[in-house]
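All chains should be built: construct the whole structure from the sequences, respecting the hints.
Listed in order, the protein sequences are those of chains A and B. The first sequence: position 256 = 256 (the numbering used here), numbered continuously. Add 1000 to the 1-based position in the second sequence for the numbering used here, that's all there is to it.
Don't read these hints as lab results, they were simulated from the structure. Note that this is a predicted model, so its numbers are computed, not measured. Every residue gets a Cβ at the ideal spot worked out from N, C-alpha and C, and that includes glycine. Errors might be hidden in some of the hints.
[To be verified] Stretch-level coverage of chain A by chain B, calculated; a stretch enters the list once three of its residues show a Cβ under 8 angstroms from a Cβ in chain B:
#: 1; segment: 33-45
#: 2; segment: 55-64
#: 3; segment: 73-82
[Stated by the list, open to error] To be clear about the criterion: a stretch of chain B counts as covered by chain A if any three or more of its residues have a C-beta under 8 angstroms from a C-beta of chain A, and this derived list gives those stretches:
#: 4; segment: 1044-1050
#: 5; segment: 1065-1079
There are 2 protein chains.
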Amino acid sequence: MIIDGKKIAADMYEALAKRRALFETPVRLGIVVVGENSVIESFVGMKVKAATRLNVEMMRMSLPETVTTEDVVRATEELAQTTDAIIVQLPLPKHVDIHRALAAIPKEKDVDALNPDIPEEKRLVHAPVALAVVEILKRNNVKIEGARTVVVGAGRLVGKPSAWLLKSLGADVSMFTLQQGSIEDLKDADIIVSGAGNPGFIKPEHVKEGVALVDAGTSELKKKIHGDADPACAEKAAVFTPVPGGVGPVAVAMIFRNLFDLVDTHR
Amino acid sequence: MIIDGKKIAADMYEALAKRRALFETPVRLGIVVVGENSVIESFVGMKVKAATRLNVEMMRMSLPETVTTEDVVRATEELAQTTDAIIVQLPLPKHVDIHRALAAIPKEKDVDALNPDIPEEKRLVHAPVALAVVEILKRNNVKIEGARTVVVGAGRLVGKPSAWLLKSLGADVSMFTLQQGSIEDLKDADIIVSGAGNPGFIKPEHVKEGVALVDAGTSELKKKIHGDADPACAEKAAVFTPVPGGVGPVAVAMIFRNLFDLVDTHR
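Given below as structure tokens:
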């Protein structure tokens, strides 16, 4: 079955709007954006759209491409003072120390679960993409406990947090990265979560009949957004998320569920 | 001659970048945006692009469409505390009291010259569009003093401030609005400044040979941006600004000239 991520997100926004109505004062999400290009603008635009829909204020600090790591840290700390939660929009320019920039996000405002100094088990909320992966699996009655699961890629946005979250839910997780595992491992997997950013490299012959294939990889090729999985995989998969329109919209909605969870915890 | 507004703006940015380099600490522009749609995003996007180019931080507060006037006033006052200058992005939703919203902009941070409680002669900087009109006229050696000038429209963004600024520079200004003047008045004008938002209504037969026709009207028709003047007017005009690509880019650059002027005055 091909999953409609927009429909799941719409469902979530309906529930989130009701939660929002219970807060009697403004809820404000901060976002630090360095530099300016169309990819970043489209990421930020999706969040602004969702915020508007949910009656959430967004405070966006746009810093010039040329800023130093110190400038990003300072901006993040400053923005954290007047907001309920903070996003540091990735990617950052290469000259900015990403570890230090993300470490400036206070634990209780880390809506993207990206502060690298906080151990996964100590986080107040989990990574939106990982939560979206689990949400999609659960909504489609995919058994996570004991499932042979391969996570492709070990990036901070998809692979690392998804592997951790699925493991914590009892999945039997192995990783497939350039350093470990092989594409042959995909054949046995009940669940595949992919975040490699390698357009269409997972082919139907790599996966078994009835797999749950959750594709959180995105890459741009000839001005089109592609996932890691060849769309032809949909025919063999019991659950298949397309790119775009699969994990992405659900992950954006999860940012706001995290935001409301953080507000609940700390107000 | 058809004016290339982008070229004038590029010229200004070169000079502005040198001015920016003289400030040793961050320069920060605040912008309050209510609601979310593609027109507003494109206006804001142009400013963010210019800010990035000039090493200016932008702090953007995005409020949901449903906010009250009080929310907008509060956000504007709050943002003013941590920025060098403030823009309240227009248009605002109809239910927001625009006078009260704009009146929340402190005089020393009113980069768009829009606070309606400040008389024109008391402003620290003038409206970016009016300054752009004058810049274009001066760069093309159009004599302003004593020139018979017709300003079309009396809006807060174009007509009102342009009429005031041209008058203060010695032009003989008359207004043409729905309430006063007629299209016949355009025939005698040495200078026409138009900000009606009425696509292509100024035709070649309405203007005299050799006119300076500065078109600051913009309207969207069938997904294309149009000016107030029929492009055919370019043949009769000594100076003609196209839409898009005429006054617009120069006006955006003027926002940043105003910003640096305000920083110069108040730091």
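Taking the hints in turn, this is what the structure says about them:
For the segment 33-45 of chain A, the proposed coverage by chain B is satisfied: 4 residues have a C-beta within less than 8 angstroms of a C-beta in that chain, meeting the threshold of three. Counting residues of the segment 55-64 of chain A whose CB falls under 8 angstroms from any CB of chain B gives 10; the rule of at least 3 is met. For a cut-off of 8 angstroms, the count of residues in the segment 73-82 of chain A with a CB near a CB of chain B stands at 3, and the three-residue condition holds. Under the rule that three or more residues need a Cβ within less than 8 angstroms of chain A, the assignment of the segment 1044-1050 of chain B holds, with 3 such residues.
Counting residues of the segment 1065-1079 of chain B whose C-beta lies closer than 8 angstroms to any C-beta of chain A gives 5; at least three are required, and the coverage claim holds.
In this structure, every one of the numbered hints holds.
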